[in-house]
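So you can see what is in the structure, the chains are spelled out below.
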Amino acid sequence: AQSVTQPDIHITVSEGASLELRCNYSYGATPYLFWYVQSPGQGLQLLLKYFSGDTLVQGIKGFEAEFKRSQSSFNLRKPSVHWSDAAEYFCAVGGGDYKLSFGAGTTVTVRA
Amino acid sequence: SQTIHQWPATLVQPVGSPLSLECTVEGTSNPNLYWYRQAAGRGLQLLFYSVGIGQISSEVPQNLSASRPQDRQFILSSKKLLLSDSGFYLCAWRRPGYWTGELFFGEGSRLTVL
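In order, the protein sequence lines correspond to chains X and G.
Mapping the first sequence onto our numbering, position 89 (from 1) lands on 1478, and the numbers just tick up by one.
Mapping the second sequence onto our numbering, position 100 (from 1) lands on 596, and the numbers just tick up by one.
Treat the hints as calculated values from the structure; they're not laboratory data.
From a predicted model like this one, the values you see are computed outputs, not experimental measurements.
Note that beta-carbon positions come from the ideal geometry of N, C-alpha and C, so glycine has one too.
Watch out, some of these pointers could steer you wrong.
[As the list claims (entries may be wrong)] Partial list, derived from the structure: chain X residues whose beta carbon lies under 10 Å from chain G:
| no. | residue |
| --- | --- |
| 1 | L1433 |
| 2 | Q1434 |
| 3 | Q1447 |
| 4 | G1451 |
| 5 | A1481 |
[Unchecked claim] To be clear about the criterion: a stretch of chain G counts as covered by chain X if any three or more of its residues have a C-beta under 8 Å from a C-beta of chain X, and this derived list gives those stretches:
| no. | segment |
| --- | --- |
| 6 | 560-572 |
| 7 | 603-610 |
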């Protein structure tokens, strides 16, 4: 069975500081990995995805994520956070079937 | 371009009343369709998915049901709502046969059962 763990429920970061959100997955084969962002009361928007190839992937809004197979991780990073990055972030894993499994999410608060 | 619409955006219903949430996708054919529920402080739980008209797979046993009467329409229903049905319901679609593809989400429908 596939699953995703996001160890941090809530992170507070100062504007301009760096951000890293952790994601660990469980999947029996080569996973397809995704990060989504959700603003309050809204649907989810894709930030970036990993299928194969370069393990460091770039996404929208200045985010990047690194796939580490040995650690079953796909952590999301941003070098300098903006106030507009305050949102909930979800990591998801999928494979050769119809479904994506999502983590419980990490809420990011940005302080001035 | 493809778009996805959900309605109503907000719904307050008494316990025991029926429910109907609708989702429509435009600009694509034969999409894979999904209903997810997001309860307060929790992640996304897959409820139903559909790969074609009349083809519904249920992931979690509950008092909800889903139907796909047309290619790009996906409906979530209940005959009698429970308090535990409260939550944020998200419809999503995916390109058919493209298993590596991401899901595209609607804006969500917030259901409060009182």
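The hints, checked one at a time:
1. Given the 10 Å rule on beta carbons, the hint for L1433 (chain X) holds: about 4 Å separates it from the nearest Cβ of chain G.
2. Nearest Cβ of chain G to the Cβ of Q1434 (chain X): about 8 Å, under the 10 Å cut. The hint holds.
3. For Q1447 (chain X), the interface hint is violated, the least distance from its beta-carbon to any beta-carbon of chain G being 15 Å, above 10 Å.
4. At its closest, the beta carbon of G1451 (chain X) sits 19 Å from a beta carbon of chain G; the interface hint therefore is violated under the 10 Å criterion.
5. About 8 Å separates the beta-carbon of A1481 (chain X) from the nearest beta-carbon of chain G, less than 10 Å, and the hint is met.
6. Only when three residues or more bring their CB closer than 8 Å to a CB of chain X does the claim for the segment 560-572 of chain G stand; here the count is 0, and the claim is violated.
7. With 3 residues bearing a CB less than 8 Å from a CB of chain X, the segment 603-610 of chain G meets the requirement of three and the coverage assertion stands.
Checked against the numbered hints listed earlier, the structure breaks hints 3, 4, 6; every other hint is satisfied.
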